[in-house]
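Chemist: In case you want the letters, here they are:
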Amino acid sequence: MAATDVDVFSNEEKRSLNLGGHVGFDSLPDQLVSKSVTQGFCFNILCVGETGIGKSTLMNTLFNTMFENEEASHYQNGVYLRPRTYDLLESNVHLKLTIVDTVGFGDQINKEDSYKPIVDYIDTQFENYLQEELKIKRSLFNYHDTRIHICLYFIAPTGHSLKSLDLVTMKKLDSKVNIIPIIAKADTISKNDEAVSEINASMNALLPFAVVGSVEEVKVGNKTVRARQYPWGIVQVENENHCDFVKLREMLIRVNMEDLREQTHARHYELYRRCKLEEMGFKDTDPDSQPFSLQETYEAKRKEFLGDLQRKEEEMRQMFVNKVKETEAELKEKERELHDKFEQLKRMHQEEKRKVEEKRRDLEEEMNGFNRKKVAAETLSLSQPLKKDKDKKN
Amino acid sequence: MGLREDGSERGWVRERMGLREDGSEGGWLQKNLEGYVGFANLPNQVYRKSVKRGFEFTLMVVGESGLGKSTLINSLFLTELYSPEYPGPSHRIKKTVQVEQSKVLVKEGGVHLLLTIVDTPGFGDAVDNSNCWQPVIDYIDSKFEDYLNAESRVNRRQMPDSRVQCCLYFIAPSGHGLKPLDIEFMKRLHEKVNIIPLIAKADTMTPEECQQFKHQIMKEIQEHKIKIYEFPETDDEEEMKMVRRIKDRLPLAVVGSNTIIEVNGKKVRGRQYPWGVAEVENGEHCDFTILRNMLIRTNMQDLKDVTNNVHYENYRSRKLAAVTYNGTDNNKNKGQLTKPEASDSMSPLAQMEEERRDHVSKMKKMEQEMEQVFEMKVKEKLMKLRDSEAELQRRHEQMKKNLELQHRELEEKRRQLEEEKNSWEAQQRILEQQKLDASRTLEKNKKKKIF
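Here the protein sequences line up with chains X and D, keeping their order.
All residue numbers for the first sequence refer to full-length UniProt numbering, where the first residue is 1 and numbers rise by one.
All residue numbers for the second sequence refer to full-length UniProt numbering, where the first residue is 1 and numbers rise by one.
It is possible that part of the hints are untrue.
Stated by the list, open to error - Between beta-carbon pairs, the in silico distance windows are: (1) D:Q428 - X:E343: 44 to 54 Å; (2) D:M376 - X:Q344: 51 to 61 Å; (3) X:K346 - D:H407: 12 to 22 Å.
Everything labelled a hint here was simulated from the structure, so no lab data went into it.
Think of the CB as a built atom: it goes at the ideal place given N, C-alpha and C, for glycine as much as any other residue.
Sequences and hints are given; from them, build the entire structure.
Modeler: Listed below in structure tokens is the structure:
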């Protein structure tokens, strides 16, 4: 046909066409769902909060089960994270749930670094995924995704504003993970408390859920419900007038679970990945604005890296050579010093010797002098007796 | 598992216990969920999201001209994808084999599908068809490369997926077997794309001829170890039965038509012959319905998954392994230690990391050795110094002793001398005294004598 027909066919324009009957691709969402159900779902929750604030109880309440959990002590050296994985089944839906507990949070005297283990844990999960994604032979579709999809941040129900530990921690976590702030043990705040609305306003339109957890069941009227029994009344977990538990469950599990997973992957993970790769020096375009292909980037990286190693080796050798020179010089110096010392001693010695010699000569002279005296005296005494005899003759 | 109050089955939860003593993974500790949690709603969430996002699919159509490819596509999707304004591949043949794509947007039941049809005008139509598959291979690879580059960017936005997810390969209904070109094409592409071989214009064969033809083709496919698209296994017995029935009818023999004919009061797509109407959607006339159900209604998602998880990953790992291998080649000359075999299970970055660690430990060892040698030499030198110091010290001591000896000797002599002197002087004095006494006595006597 004419050349124009060919061009028309091959352009990028998307034609909208009407169907003349039922084709059947409206089953595509079902096919996708069927695949997801077969694969199973995965969800990871991080619970951050002080010891005893009710994290485990809330998890048990949310998932309607008693997850085995030893009570944590208050005397931990630092904060450490304890992940536990459970396999849940409801209808035909498998959920691999991992609950990560922060043990020891807020228990130390110096809480400056409390947030660090938490941030490290989140980053490690991202790192593991990134490493898997970068492998040459990888299997992402059956990778057990441990990235944290949601962080439930438990705030103590003091009725005042956030503690500084809370502010610091939430700030650090905010860019790394989806956070839901939760006011724990809401049954200790009176609804009329102004502080509750204050907290709401002061947290930038975040809506912390005020929750109560309970695994005990209490009879109210003719129904048995989850509740906490006080002398002054019964706090019903699932009563929306008593606390926000229902809203939380609704939001977290029934409505937005998939959203949260997607956000984690599309936003938080991508951010981590971007930062990590940039840190390592990967770029998308070179100075000339030509997009780098993957191979070029890797090869360039590799050359740089090996050059680096080479340089380090050289440095080390050089340093060593210098060290040897230095030490040689030192030793020579020592040798010289020793030599000098002994030279000096020798000279002293010579001096001493000379003195002794002098003394000896002196002594000899004295002796000689003395001997001469003696001789002289004897000679004199020999001539004396003659004079006596002479006198006698007279 | 037990039923709840409302009759629904109870959910359960289980936790894997720790490792057993023998190191094997512990069993499961299972409990019932005490109430409805709500995550059974997850599939609905997935459903909703996917509808909102919309779907994409890329279908490639390959075969000689005149095999009814365009007609079949129009029949499959019940729409005028190919039309006089948008002619099929057989009408667009140029001097060389082309690979061209066209995108259409179709909607059904609230579901949006962006369909990309890729066809290959000129394929198999020349006198010499050597390498006429090359443009096809290049096209598929280039789409993989685009995806790989998009996936490897630092800044990743939406990654449009234009990878070819299914290739319908049309076999001419000769009745004998596969042509050499058919075999060549499939052998070269079966590890790059899901191939679904189809017998075109099935209404030119009787059922028996068709049966024989199919049998022959499958035999040749197995002989040449060609891997055509396989239906996934399911746990469902019913589904598996269907799958097996389909497998028996491979390759699917199809008929397409752009015309609607009335048969027994019903309006059907078909081809009017003097001897009757071959109906496209009649399972006894051809396998069109099976193809449509399989391709569109049940396995479209799976075709995408296999492309992503198998064909693309194969491409990717080959591409990346080549990069690292190139890298190591360069460095063999520099005498670096490299281990290409171990690289498969690691990302190139992890590999570099490992190399770095190796290097660091090598350097540490070297450093240690050099330290050792150095220390030893220094010790030797120091020892020598000490020895000579000791020697010199000894000599010095010796000389001092000598001197002291001499000193004492001298002292002794002096003392003796003094003693001698003293005694002699004492003697002299006595003598003097005697003399004096004697001279006095003499003087006295002298005086006496005078009187």
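Chemist: Hint by hint, say whether it matches the structure.
Modeler: Hint check:
{"no.": "1", "hint": "D:Q428 - X:E343: 44 to 54 Å", "result": "holds (52 Å)"}
{"no.": "2", "hint": "D:M376 - X:Q344: 51 to 61 Å", "result": "violated (32 Å)"}
{"no.": "3", "hint": "X:K346 - D:H407: 12 to 22 Å", "result": "holds (18 Å)"}
The structure fails to meet hint 2 from the earlier list, while all remaining hints are met.
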